[in-house]
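Take a look at the letters that make up each chain.
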Amino acid sequence: KHLVLLRDGRTLIGYLRSIDQFANLVLHQTVERIHVGKKYGDIPRGIFVVRGENVVLLGEIDLEKESDTPLQQVSIEEILEEQRVEQQAKQESEKLKVQALKERGLSVPRADTLDEY
Amino acid sequence: MAEEDEELDLYNEMTFGLDRDSTEEDTTKPLMPLEMSPELAEAAAEETEAGEELEPGAAEPEELGEPQEEGGMEPEVEQFGSELEEEEEELGTEEQEEDQEPCEEPNDLGDPAVMRAVQSKPTLESQDSAVLDSRIGACWAEFGKEDMLPMDPAGWGSCPASIPSPHGLEDKAILQVLERPPPSTNVALDFLGSPMQRGYGGSPRLKRPNLRLMSPKSFPQRFLRQVTGYASPTPFRPMSPNISSPPQPLAMHFGPMSPSLDPTLFFSPSASGQLNLSVPSHMTQLHPQHQRILTQRQQQGRQAQSMSPKKLWSPKADPYAGLMTSKEKDWVVKVEMIQLQSENMDDDYYYQMYYHRLERKQAEEELLGGRNKQEPPKLVTPFIQKVETYDSVVRIAGSLGQVAVSTCYSPRRAIDAVHHALVEEAAGSHRLRALHRIEKLFLQLLEVEETQRKMSLAPEGKQPCCEEQKSQEVERIYQVLKIRACRSEEEAEDEFLQLLCVRKGKKLTARLLPHLTREQAEKILLTITHHLPFLMKKDMLDESLSLLYSPLNEVVGGMTFSKLIEVLQKMTRPLPESPELPLAMALKNQFGISLLYSLLSHGERLLSSDVPLEPRSGDFEMWTDTVFLVARELSQVPKTSLVEPLFLPSNLLSLFCRYLDKQTVHHLEAKMECSPLPSEAAMPC
Numbered sequence: 001k002h003l004v005l006l007r008d009g010r011t012l013i014g015y016l017r018s019i020d021q022f023a024n025l026v027l028h029q030t031v032e033r034i035h036v037g038k039k040y041g042d043i044p045r046g047i048f049v050v051r052g053e054n055v056v057l058l059g060e061i062d063l064e065k066e067s068d069t070p071l072q073q074v075s076i077e078e079i080l081e082e083q084r085v086e087q088q089a090k091q092e093s094e095k096l097k098v099q100a101l102k103e104r105g106l107s108v109p110r111a112d113t114l115d116e117y
Numbered sequence: 001m002a003e004e005d006e007e008l009d010l011y012n013e014m015t016f017g018l019d020r021d022s023t024e025e026d027t028t029k030p031l032m033p034l035e036m037s038p039e040l041a042e043a044a045a046e047e048t049e050a051g052e053e054l055e056p057g058a059a060e061p062e063e064l065g066e067p068q069e070e071g072g073m074e075p076e077v078e079q080f081g082s083e084l085e086e087e088e089e090e091l092g093t094e095e096q097e098e099d100q101e102p103c104e105e106p107n108d109l110g111d112p113a114v115m116r117a118v119q120s121k122p123t124l125e126s127q128d129s130a131v132l133d134s135r136i137g138a139c140w141a142e143f144g145k146e147d148m149l150p151m152d153p154a155g156w157g158s159c160p161a162s163i164p165s166p167h168g169l170e171d172k173a174i175l176q177v178l179e180r181p182p183p184s185t186n187v188a189l190d191f192l193g194s195p196m197q198r199g200y201g202g203s204p205r206l207k208r209p210n211l212r213l214m215s216p217k218s219f220p221q222r223f224l225r226q227v228t229g230y231a232s233p234t235p236f237r238p239m240s241p242n243i244s245s246p247p248q249p250l251a252m253h254f255g256p257m258s259p260s261l262d263p264t265l266f267f268s269p270s271a272s273g274q275l276n277l278s279v280p281s282h283m284t285q286l287h288p289q290h291q292r293i294l295t296q297r298q299q300q301g302r303q304a305q306s307m308s309p310k311k312l313w314s315p316k317a318d319p320y321a322g323l324m325t326s327k328e329k330d331w332v333v334k335v336e337m338i339q340l341q342s343e344n345m346d347d348d349y350y351y352q353m354y355y356h357r358l359e360r361k362q363a364e365e366e367l368l369g370g371r372n373k374q375e376p377p378k379l380v381t382p383f384i385q386k387v388e389t390y391d392s393v394v395r396i397a398g399s400l401g402q403v404a405v406s407t408c409y410s411p412r413r414a415i416d417a418v419h420h421a422l423v424e425e426a427a428g429s430h431r432l433r434a435l436h437r438i439e440k441l442f443l444q445l446l447e448v449e450e451t452q453r454k455m456s457l458a459p460e461g462k463q464p465c466c467e468e469q470k471s472q473e474v475e476r477i478y479q480v481l482k483i484r485a486c487r488s489e490e491e492a493e494d495e496f497l498q499l500l501c502v503r504k505g506k507k508l509t510a511r512l513l514p515h516l517t518r519e520q521a522e523k524i525l526l527t528i529t530h531h532l533p534f535l536m537k538k539d540m541l542d543e544s545l546s547l548l549y550s551p552l553n554e555v556v557g558g559m560t561f562s563k564l565i566e567v568l569q570k571m572t573r574p575l576p577e578s579p580e581l582p583l584a585m586a587l588k589n590q591f592g593i594s595l596l597y598s599l600l601s602h603g604e605r606l607l608s609s610d611v612p613l614e615p616r617s618g619d620f621e622m623w624t625d626t627v628f629l630v631a632r633e634l635s636q637v638p639k640t641s642l643v644e645p646l647f648l649p650s651n652l653l654s655l656f657c658r659y660l661d662k663q664t665v666h667h668l669e670a671k672m673e674c675s676p677l678p679s680e681a682a683m684p685c
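Keeping their order, the protein sequence lines are chains P and Z. Per the numbering used here, the first sequence starts with residue 1, numbered consecutively. Per the numbering used here, the second sequence starts with residue 1, numbered consecutively.
Among the hints, a few may not be true.
Now the stretches of chain Z that chain P is said to cover, found in silico as 3 or more residues with beta-carbon under 8 Å [claimed, not checked]:
1. 318 to 326
2. 332 to 340
Derived BS3-like pairs (lysine-lysine); straight-line CA-CA distance at most 25 Å [claimed, not checked]:
3. Z:K361 x Z:K334
4. Z:K523 x Z:K440
5. P:K1 x Z:K588
6. P:K1 x Z:K327
7. Z:K470 x Z:K440
Hint data in this document are derived by calculation from the structure and do not stem from the laboratory. From a predicted model like this one, the values you see are computed outputs, not experimental measurements. We put the beta carbon where it would ideally sit given N, CA and C, even for glycine.
Make a model of the complete structure from these sequences and hints.
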């Protein structure tokens, strides 16, 4: 069972079935795990085929240790809600920051546009 | 404990198959014909099966023994009939036997739990071979719980009244297949066929008889992976003589097989008891430390496993485990190893950094621990020869460009900017040809720099001959550049100048200059200065002349006085087309003014130093004239058009002081925005 972190920040957990030289992955019984604070929620996704260039890292999950985690699992609805709230808060703070910088004459390029140089 | 032992035995049995003798002891007579000639049995089964399929309705209940719940049974059996040929073969043979055996009650059909488990699954799932596998897996799991040794296949057989019976039959079939000779043959078979074909066990629809032979064997292998989770150090038995000829040549292809390798490696343990995919086969050569870690992990796992054999029979035996065959895994590892291979390890930042750090750490340890210095182990990548040469660029007729062909040796090969074909003389504009040449020369230059870098790292002895080679290469490049004097009218045609018009050409020249001899470098400087107006004009869009400043500065710094004068003369000669002096034009161009200042500064340096100048006649006059000219132009040019140089030498003012009056100097100082001289009062002028 493996945990895959993708470039867009998603965390996938599933059974790694196949790879190739580009690090393309085939994940089985995949679950997308969303983390917000101390809570997390799993969304079952089925089979994933991930293109290698989008993989940031991949690690094996120790099944024995998998269950003892300080994190609390919640339902999908709840975690999505939490995520939305978190995103909103982040956006607002970001907006304030950009505003403040603009007032001082600085313009910081947005991080998300940087990624795709 | 006895139970655990028995479970172990059971595991071994299933992993490695029973011995021929024990097989015969344990199984009932009817099974013998199966073992003897699988081909014949299958062929026979095929026929019987074919015959049976025609009359699913009536025949089957009979064969299965008890005509109960026919309706329920039929669809299942039919499904079996249509989908899983390999199982059918066994089924077929099974069905023959069943006629002989008495029916048993469901409860005696082995494990009642199995029946229940199987029963609960909906029939549609049998469509999906993967699901079927999971069912089988579940069955096996159940076996583990209830100690099922020795398994009497005969006990499986039969029965049938209930729906699960066909499943039971099929399980029996699997069991029998398992009891056949060991998977060592499977390993041989690994190298058959495409990885794809091999990988997805399930229900390959193999029509050809010889392949049929393989598929049942592939099944146990997959099966083993599904069920077993840990390595057993038992070496595999050699191939059973009973197996008919086809596998033998396969084994030969495979080559020498060390019993301690392959299959045991396949089943290295992981904490969960699932298949550990991280151990590649003997083909791959790992870093010694890596290898050590892996074997340690194996051993630990084995130890852990031997403590708790129950772990083997985790209820969630993973039917999808081992989708990738070892061959496929090896292939990926091979590709990655090939990618790692490079002749040039000096360039590899990560490689160098890693070993530097390792050495540093070891040096520290050595200091602290006082151990003997250990050589850091070097990663030895297997020498997989990249024998396949291929066209990096495939030109499709009528296409607009090149298609990059990627193979496993270079999965994502970039398209080279240079054509490998000989189409250089093709009708193209000057610019295209210039670009071509630039690319070619750049490649050569890069090679030169490469050799130089290697040289610097190489031991002392090799250096002279490498230098020789290097200078030859550099000479060659220089010749190709075709630097020669040309008149103003020909400027557009001159090849070197064309090169210089392109940014990359400038870059090339800039990079080449340090490698050239003094005369060659000075010649280039002369040419550039001679054609400065032209170059400046061409550079207006690009503004890349500054690239040349730095290396040319170096060249200037080493020139003799006479040579300097010669260069300056180029700048002061009048131009035919324009009233302006090149000098004046230079003042308006960043590169030009920087170059000018650089030249003047050097002259001043030479003059103020004690080194004998050995000037030619007329040099000093030329020099003074030039200085005056510069001063004049500087004062005349409006400040707005005066461009700031890349570097403003500090000795220019003192230069002017030598020849000009104070007022003028002040004026120039303001113009040039120089920092004033430290002791103005002490100025000699």
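Can you confirm whether the C-alpha distance between K523 (chain Z) and K440 (chain Z) stays at or below 25 Å?
OK: K523 (chain Z) and K440 (chain Z) at ~22 Å, within 25 Å.
Coverage claim, chain P over the stretch 332 to 340 of chain Z, checked by counting residues with Cβ within 8 Å (three needed)
Coverage by chain P holds for the stretch 332 to 340 of chain Z (4 residues, Cβ < 8 Å).
Proximity test - 8 Å, beta-carbon atoms, the stretch 318 to 326 of chain Z to chain P, at least three hits
Three-residue rule met by the stretch 318 to 326 of chain Z, so holds; n is 5.
Quickly compare the C-alpha distance for K470 (chain Z) and K440 (chain Z) to 25 Å and report which way the hint goes.
holds, 17 Å
Given the hint that K1 (chain P) pairs with K588 (chain Z), test it: the Cα-Cα distance must not exceed 25 Å.
violated, 68 Å
For the pair supplied as a hint, K361 (chain Z) and K334 (chain Z), confirm whether the alpha-carbon distance does not exceed 25 Å.
Distance ~30 Å between K361 (chain Z) and K334 (chain Z) Cα, so the pair is violated.
Compare the distance between the alpha carbons of K1 (chain P) and K327 (chain Z) with 25 Å, and conclude whether the hinted pair is satisfied.
holds, 21 Å
The structure is inconsistent with the numbered hints 3, 5, although it conforms to all the rest.
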